[in-house]
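*Asks:* Read off the chains here:
Protein chains: 6
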Amino acid sequence: MHIRLINPNTTLAMTELVERSAARVVPADVRIDAVNPSMGPASIESHYEEALAVPGLLEQIALGNASGVDGFAIACFGDPGLDAARELSNGPVLGIAEAAFHAAAMVGRRFSVMTTLSRTRGRAQELIERYGFAGDCAGVHACDIPVLELESLGEDGIYGIAKACREAVERDDSDAVVLGCAGMADFCPQISQVVGVPVIDGVVAATGMLQGLIRMGVSTSRRGEYAAPPAKAMAGLLAPFEIR
Amino acid sequence: MHIRLINPNTTLAMTELVERSAARVVPADVRIDAVNPSMGPASIESHYEEALAVPGLLEQIALGNASGVDGFAIACFGDPGLDAARELSNGPVLGIAEAAFHAAAMVGRRFSVMTTLSRTRGRAQELIERYGFAGDCAGVHACDIPVLELESLGEDGIYGIAKACREAVERDDSDAVVLGCAGMADFCPQISQVVGVPVIDGVVAATGMLQGLIRMGVSTSRRGEYAAPPAKAMAGLLAPFEIR
Amino acid sequence: MHIRLINPNTTLAMTELVERSAARVVPADVRIDAVNPSMGPASIESHYEEALAVPGLLEQIALGNASGVDGFAIACFGDPGLDAARELSNGPVLGIAEAAFHAAAMVGRRFSVMTTLSRTRGRAQELIERYGFAGDCAGVHACDIPVLELESLGEDGIYGIAKACREAVERDDSDAVVLGCAGMADFCPQISQVVGVPVIDGVVAATGMLQGLIRMGVSTSRRGEYAAPPAKAMAGLLAPFEIR
Amino acid sequence: MHIRLINPNTTLAMTELVERSAARVVPADVRIDAVNPSMGPASIESHYEEALAVPGLLEQIALGNASGVDGFAIACFGDPGLDAARELSNGPVLGIAEAAFHAAAMVGRRFSVMTTLSRTRGRAQELIERYGFAGDCAGVHACDIPVLELESLGEDGIYGIAKACREAVERDDSDAVVLGCAGMADFCPQISQVVGVPVIDGVVAATGMLQGLIRMGVSTSRRGEYAAPPAKAMAGLLAPFEIR
Amino acid sequence: MHIRLINPNTTLAMTELVERSAARVVPADVRIDAVNPSMGPASIESHYEEALAVPGLLEQIALGNASGVDGFAIACFGDPGLDAARELSNGPVLGIAEAAFHAAAMVGRRFSVMTTLSRTRGRAQELIERYGFAGDCAGVHACDIPVLELESLGEDGIYGIAKACREAVERDDSDAVVLGCAGMADFCPQISQVVGVPVIDGVVAATGMLQGLIRMGVSTSRRGEYAAPPAKAMAGLLAPFEIR
Amino acid sequence: MHIRLINPNTTLAMTELVERSAARVVPADVRIDAVNPSMGPASIESHYEEALAVPGLLEQIALGNASGVDGFAIACFGDPGLDAARELSNGPVLGIAEAAFHAAAMVGRRFSVMTTLSRTRGRAQELIERYGFAGDCAGVHACDIPVLELESLGEDGIYGIAKACREAVERDDSDAVVLGCAGMADFCPQISQVVGVPVIDGVVAATGMLQGLIRMGVSTSRRGEYAAPPAKAMAGLLAPFEIR
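Residue numbers (the numbering used here), protein chains in the order written: chain V, 1 to 244; chain B, 1 to 244; chain L, 1 to 244; chain C, 1 to 244; chain X, 1 to 244; chain G, 1 to 244.
Simulated from the structure, these hints should not be mistaken for lab results. Among the hints, a few may not be true.
[What the hints assert, rightly or not] Each pair of labels, with its calculated beta carbon distance range:
id: 1; chain 1: X; residue 1: G196; chain 2: C; residue 2: A231; range: 35 to 45 Å
id: 2; chain 1: G; residue 1: L12; chain 2: X; residue 2: P230; range: 38 to 48 Å
id: 3; chain 1: B; residue 1: D33; chain 2: L; residue 2: N65; range: 31 to 41 Å
id: 4; chain 1: B; residue 1: H2; chain 2: C; residue 2: G236; range: 40 to 50 Å
id: 5; chain 1: B; residue 1: S118; chain 2: X; residue 2: G196; range: 54 to 64 Å
id: 6; chain 1: X; residue 1: A23; chain 2: L; residue 2: S38; range: 50 to 60 Å
id: 7; chain 1: L; residue 1: S67; chain 2: V; residue 2: R222; range: 38 to 48 Å
Treat the numbers as computed from the prediction; the structure is a model and nothing was measured. We put the CB at the ideal spot given by N, CA and C, even for glycine.
Produce the complete structure using the sequences and hints provided.
*Replies:* What follows is the structure, given as structure tokens:
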């Protein structure tokens, strides 16, 4: 079984982090790797950047299909391009926000979410409602650390996020915390120790759930909405994305 | 006041249709025009195509900002890129699905929607829920005519859509019909005559509501989520979209 | 095009304020006026008063119909008698709460509401749910100033409301403010300057949206629920309202 | 204990029917009577008529207060003026739609509603949502018999309604039926025999539940929204309703 | 009419308290008694204990059926075994949480809940959603007093709960309080005096509403889901529960 | 890693079927087995039977804890005793309905459910709402085959279920089917071939997702609601369940 994680921004260090995190939760018969697109934003902290990350994501789905990848995870907490990726991919596709919410719903009644910048909370809230977790999510919070600074955060910085998580759990009276950025995947054990509740990172959650779907032999339904996209002329700069 | 409609696909005939339709509902002090991107799909009938229409849409928002446009409508029923466009635009932005749902909610208790291909109903349903119209929408239906065939449909074809609308209203026991494609903007009067209830086209609905917002002097809030996108490196094919 | 605003209480100064506010947002081809009933309460701050404002409102709809009015706005934030008015009116009818919520939903993800007396918040909350804006509204607040004192408020009083709005936006983490009384229509620019987010007054919102509906040529659906009320005996004091 | 039912239309025969029905479900220590207003519509089948029934209803609440009535039921399925009546009444007030929905929710998972004219279904649906029964109600149906014809319906007519109820239960796969008009209160046993599920009439449901509330010693909360309406000038035809 | 309250834990003092409380709200023609099971937990403060209270509850329903009981109330705020009890009972069955929520919804727009231990709030929240009261409940709070200590609480302890209720009403801006434990049934008058809003105890609420249902002649629907449980082999320790 | 499936009824053949099904979807490092209780009903088709299956389920959780089991699945589509099991178990616990809904939500927009007897649909609907899948589930259907007849169904019988699934997908316009009984776990491939959409069995779904949770190192939160049940006296027949 071959699972590929796609970091939809173009920052290689984050791609490597994502691969490292996922590799910890797979048994011997699973091959895991992570890639990032050749185009698009260095990090995703606005709707504008999220929209412009999607073409590169689709580029990577097409390449992964050609390489016989069995399933994909989109390693950005906004789950950019998920519906389009599902149409295009041969195997199942999960977003890390989606996977994290599903996992968090299995370990308690309500969870809190800790994202990076405040402005990204709206998108997280929207996904929570879209996926049906409005009754499970007790609050969406931000630590206001930019995505690209997570990498070089150091012990104190991580402890700061952990404290913010603990306060969120107290204020929300919740049972678990979801980390709202692929760049936080490494911090799970440290934060969990401080907060004393399950801490869910979407990268490993998606990796685990994809294995489940692939072993079950199910993938995205091809009936109707998620059938392969039709052949269609594609003009200008985006001509390379034309499907013939 | 200058309102611009952006047809996010690259088919000029549809851009012209959209401009013609909108021009009918503006008073003398409003300048109206329609444009389409230099890149992207010829029509939008899948999530894949919708995702790839967004860069071209954002290109047109940036150009419109530079030309002093006061407000934009996105003339595709999937409201592609609406959140990103709101971040980028100087003035208010409405999607035609959004505007049509708002208008339909004002003329009765419940409305039916008639889209083009069946596979697009999922996106319509998602927008209905996202915008809070789940209690207002009585059903989403498809006439299964591809977008680019709408233009050359002829009297019989339009009558066929009208009959489908009438059946939808009966089955859903609804008070109004929303036409689910910018390419149907021309058909309102004919369909309305057959169905006997208000028939809402999003192109004219958005044009009317944008005027209201602009005269009120309100635009997208800049507090938090919809602040202008930050400066960020943008790699590869999409480098032209970099914000400095 | 002739749009009429009906102030459903009997206080003339408020009727004049409403007319003045609306007049600022109409182009040259729109005639605008405001009226109030011959009967009913001096202001509306309870369910009892709201109920007793409705006969006078319906009196004014009937008179407006006879004068060829093209559309009506009900200039009280409880939207009293809206459904009955829609049955009776020849043209479209909007409540100012309804119109304000629609407009606020177009300029951000979530809005706060600032009403007059605390006891009116229940009605505001009910309308928010009735119209489908529960996911858009982040909080309903009161400044606890009686309706009839708004007129003589002075700079300090207006600044007090503005500060309360700013605190509401911070506490609710919202993108916009809806002013919850027709008597606040004048305060928009001052409050907006203090709060730094879009401030929506329902009087101008309804005036703008009614123009859109009338230019589109749509009015309340006559299919079923909103057909004209049937002929029916009407006894006693209310005999003048009998429909023959 | 003195419970009064208010038939908010001016048709005496219906008032008598309501009193007769309620009298069957009270123990020896409860005094029951029914009244109707001196003003307003002969029956309530539109929003217009419902609005114009409210002043007469409030007249009767005030009279009942003066007579020491302990609790009121509003015997019309649209629950007209319920919030205003709660402000005004010394004791608890229930609408018959409200009471019927509560009772139906206690005897199964989902119920069907059978109203009179089709156009009244919108109001029933609105009340279902307002009171929180959207998940309990499986369908709202109409038998299309005008309210004032119910009285003289005869065996065949009642059997016709019963058959419509049975079909509704089958189609909705529901556990109970709510009768959507005070004028149907007499039909419960006959309809129940045909349908084979609990059939709920709101007149007896409200009478039963009011006794419960009164024996518990609870009435409408006076904290905030439902405090007594304030003193306020009331002009013109409605001057008799002024509170001093 | 014979109404029986079943205290589903095995603590006799609580059974007696429940009987005493209910006896105060029944007229002369109603016989009331309370019982508890021969098996199960001494009090119910966890999901584990709730699950293990259900066999004893069902034992008592079967015994009550054999004694000709007309209706049952389950006197524990988690409403344990309610659906199973409805299948088994000849007459209607109400849970005290269910009954309290229904009553509280009739006396204001929103209510607060005060339970015993914090860990029981999740179950209360679940019931609120299950029964459709999510829009009516403004907050679920805990006073963190174990169930079996309520009995010996003394004046100061009761006043402590009353103060917690008052703070909850202020914080939630609610109209009424629901007491979240049968063991608090006695405290209603004292708490009500402190808080100044209606205070609802489920034991008396259920007693009152059961009378209403029984006088109406309605019981649990036997169509489908709530038909009597089928004959089925029952093994081991639970063989006494086999239905033949 | 040791995963144990608990069939909460006492029919050994079904326990063996469940173990066989789960064994197909685990890699070499996972030990899988299935057990059933010593007490309770032979199959679960009513609320009464479900309630009486829970003590036996809890007996097996306690035994599994003692054997070092890492996680449990409850192999009955009503997810009986899930909350109590979570309190008691050392490792994570999933219900097969819960797991199946989560998996189905990942492969399309909406799914249909096919249960056994009609009377079990109410419980399925309740779980769908409890878990937040109301927006994902397009319909709950029954094939009206008793649980214990599934085992000896033969090719024709399985084909009959498959046809019912296909009709459900057409009628619901859904993307996937969830099989609503552990006894159907074997039928996935055959039904999938007939229906042409993903067919989800909860036994394998739960097995897959449990692996994910265990590899992530997360289990049920111990903060508050799901802390271990407290020590408490347990009387009579159920004394063996006392926690000391």
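*Asks:* So, for every hint listed, does it hold in this structure?
*Replies:* Hints and how they fare:
no.: 1; hint: G196/X with A231/C: 35 to 45 Å; verdict: violated (22 Å)
no.: 2; hint: L12/G with P230/X: 38 to 48 Å; verdict: violated (21 Å)
no.: 3; hint: D33/B with N65/L: 31 to 41 Å; verdict: holds (38 Å)
no.: 4; hint: H2/B with G236/C: 40 to 50 Å; verdict: holds (48 Å)
no.: 5; hint: S118/B with G196/X: 54 to 64 Å; verdict: holds (58 Å)
no.: 6; hint: A23/X with S38/L: 50 to 60 Å; verdict: holds (57 Å)
no.: 7; hint: S67/L with R222/V: 38 to 48 Å; verdict: violated (60 Å)
In this structure, the earlier hints numbered 1, 2, 7 are contradicted, and the remaining ones agree with it.
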